[in-house]
Amino acid sequence: MLEYSEPVTKLIDEFKRLPGIGQKTAQRLAFHVLRMTQEEVGRFVEAMEDVKRKIVMCTVCNNLTDVEPCRFCSSTSRDRSIICVVEEPYNLVAVEKTRSYNGLYHVLHGALSPIRGLGPEDLRLANLLPRLRPENNDGVEVREVILATNPNTEGEATASYVSRLLKPLGVRVTRIAMGMPVGSDLEYVDEVTMDKALANRHEI
Amino acid sequence: MLLESVEAHQFRNLSGEVFWGQGLNIIFGENGQGKTSWLEAIYLLATTKSFRTQRPQEAIRFGESLAVVRGRVTRSRDVHRDLQVTLQGNSKSLSLNGKSETVANYLSQLHVVSFTADELEVVRGGPDARRRFLDRGVVALHHSYVQTLADYQRVIKQKNRLLQDISNSGTSIDNARELIEPWNEQITLLGSIIHRARCDYVERLQPSLQRRLFEREDVTIRYMSTLEGKGDINDYESLLRERLGLRLQAELASGYALIGPHRDDLEILLDGRDMRAYGSSGQQRSALILLDLAAISVYHLWHNEYPLFLMDDVDAELDERRIGRLLEYLRGRTQTFVTTSKGDLIKEFANNAKVFDVGEGVAVDVLRNESEKTVFTSVKGI
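These protein sequence lines are chains A and B, in that order.
Counting from 1, position 112 in the first sequence corresponds to residue 112 in the working numbering; the numbering is continuous, with no gaps.
To get the working numbering, take the position in the second sequence, counting from 1, and add 204.
No lab work stands behind these hints: they were computed from the structure.
Please read all numbers here as calculations on a predicted model, not as lab measurements.
Even glycine gets a Cβ: it sits at the ideal position worked out from N, Cα and C.
Accuracy of the hints is not assured; some may be wrong.
Here are a few chain B residues that sit away from chain A, every Cβ distance over 10 Å (derived from the structure) [said to hold, decoys possible]: (1) Asn235; (2) Arg259; (3) Gly435.
Below, computed lysine-lysine pairings styled on DSSO-like, alpha-carbon distance capped at 30 Å [unchecked claim]: (4) Lys54/A to Lys16/A; (5) Lys24/A to Lys303/B; (6) Lys558/B to Lys546/B; (7) Lys196/A to Lys253/B; (8) Lys303/B to Lys196/A; (9) Lys361/B to Lys196/A.
Model the full assembly from the supplied sequences, consistent with the hints where possible.
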């Protein structure tokens with residue numbers, strides 16, 4: 001016999017499919033839904049449906065967007081001569097939050113990982129190389145590509161693979177630096193980060 | 205560092221709290237009473253692992269859901285640290301001074317060098333046991349080396365899978381090279397760090413080998429890179445890169461990463477001959493002890509404090525004369541924990557040791573004064 005009635009069980013099961021949600025959290029969320037008003041539930045459902053219906057992948061940079069091309073690619077105020085390559089759309093958001101980067105983006109939607117069965121063909125790379133040509137970039141030549149993949153083994157391998165594709169084209173390829181988080185005390189930095197920061201020190 | 209006390213709760217058959225001595229601690233008892241389990245509890249506190257099983261959770265007492273081992277460590281006169289390892293289900297939680305802590309922060313609090321039957325693999329087993337011995341030593345000096353090792357192992361795993369995928373799919377060699385290069389680049393980078401760290405560690409161990417401790421035998425060690433004789437080993441990074449490029453075909457054929465420090469070895473020579481092939485069982489044990497003592501000495505030179513030394517079933521591993529030499533050497537250096545089921549050791553070293561009699565998991569400090577000692581030795585027929 002089911003512990004909860006069928007509709008509740010189904011809802012709990014659906015929540016459990018979400019990343020990071022286990023049985024207990026799923027139960028809590030399901031009972032929260034039961035306490036929500038009909039109107040609140042409607043809003044929630046609509047938001048989920050909207051996202052599926054309206055969000056597409058930008059054909060230029062693969063960012064998730066509700067307009068095509070996305071607001072970065074279609075912007076007239078951004079520097080079109082520089083492209084920042086990231087693994088996921090939320091990585092793009094992290095770079096964007098700095099407000100110090102005003103170039104374009106390219107989202108790979110993943111990183112190389114043979115153990116997970118992910119090779120170059122699974123990354124959204126095909127539309128990166130054509131972008132470097134001025135005729136495909138509003139007449140602007142791309143001078144630099146910044147590789148901002150994650151600083152783990154998969155991210156490094158991806159950066160290395162992409163740089164090998166780009167280098168023959170004569171474009172400047174850079175990798176983001178690794179080191180200290182700003183605004184924290186030295187004592188709170190883990191040893192590995194400290195090590196990297198020491199190795200990448202520079203003269204002042 | 206000094207381990208003041210250990211308290212065990214539902215960890216195997218152990219119960220109660222034990223207050224250890226500063227020097228030699230002899231854990232005595234019949235088989236199956238819990239001697240080794242006390243050693244295991246100390247090892248668990250230091251490493252969060254067990255030397256008896258891959259899954260320390262197996263040490264949870266049968267029918268119980270969790271086990272707790274607590275210990276108090278003195279780092280210097282007034283600096284105490286309370287360590288706790290809780291085993292439950294498939295998980296393990298660590299706490300330091302009552303606050304939950306990550307493995308990375310927890311680990312540097314208590315360091316042990318241990319001699320167990322398993323450890324003998326270093327002198328008579330395959331190269332992986334010797335690489336682990338070196339890596340353990342390096343980690344004790346440079347904590348961030350843990351991450352380098354983990355990254356390297358992950359890259360090797362990725363590359364192995366890729367090599368197998370490529371040979372199954374019949375990709376052309378040029379295409380294969382393009383796919384493998386990004387991983388080789390990291391093998392070059394991380395592999396060079398590992399090679400340098402291990403060579404440096406061997407160089408530190410070498411002068412610390414107490415060659416004359418047991419006999420005339422001369423034990424020497426040398427880091428043996430698989431790239432030796434293939435080019436200029438002093439420019440390891442370039443050589444590694446070059447070999448990775450040259451050996452791609454062979455790697456594809458075998459489906460495994462063949463080039464890199466994960467294939468290296470530590471050569472242990474006894475009077476110039478390979479210990480593993482030519483050493484007697486006794487000589488192998490002596491050599492391992494010498495390596496452990498050198499590791500202790502290197503740790504001391506670096507940190508200016510001694511790690512703990514653990515030795516299980518000491519009289520099964522070494523003869524009386526060697527035990528005597530060893531314990532004499534360790535006196536005034538490490539806090540030492542040995543287990544034994546024979547009384548001889550107690551008779552000989554009781555004056556400089558604390559002796560614990562283990563029965564049904566409880567360790568009783570039996571030799572607090574002369575009269576107790578007399579009663580104990582006569583009762584035990586020592």
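Hints, verified against the model:
1. Annotated as non-interface, asparagine 235/B keeps its C-beta farther than 10 Å from every C-beta of chain A; the closest such distance is 42 Å.
2. Every Cβ of chain A is farther than 10 Å from the Cβ of arginine 259/B; the closest lies at roughly 22 Å, confirming the non-interface assignment.
3. Glycine 435/B, annotated as away from the interface, keeps every beta carbon of chain A farther than 10 Å; the closest lies near 23 Å.
4. Note on lysine 54/A and lysine 16/A: the hinted pairing holds, with a Cα-Cα distance of about 25 Å set against a maximum of 30 Å.
5. A threshold of 30 Å between alpha carbons decides the hint, and for lysine 24/A with lysine 303/B the separation of about 25 Å falls inside it, so the pair holds.
6. For the given pair, lysine 558/B sits about 15 Å from lysine 546/B by alpha-carbon distance, which is consistent with the 30 Å threshold.
7. Straight-line distance between C-alpha atoms of lysine 196/A and lysine 253/B comes to about 28 Å, which keeps the hinted pair within the 30 Å bound.
8. Using a Cα cut-off of 30 Å, the hinted pair lysine 303/B and lysine 196/A holds, with the two alpha carbons roughly 28 Å apart.
9. Of the pairs offered as hints, the one joining lysine 361/B and lysine 196/A holds, with about 23 Å between alpha carbons and a cut-off of 30 Å not exceeded.
Taken one by one, the earlier hints all hold for this structure without exception.
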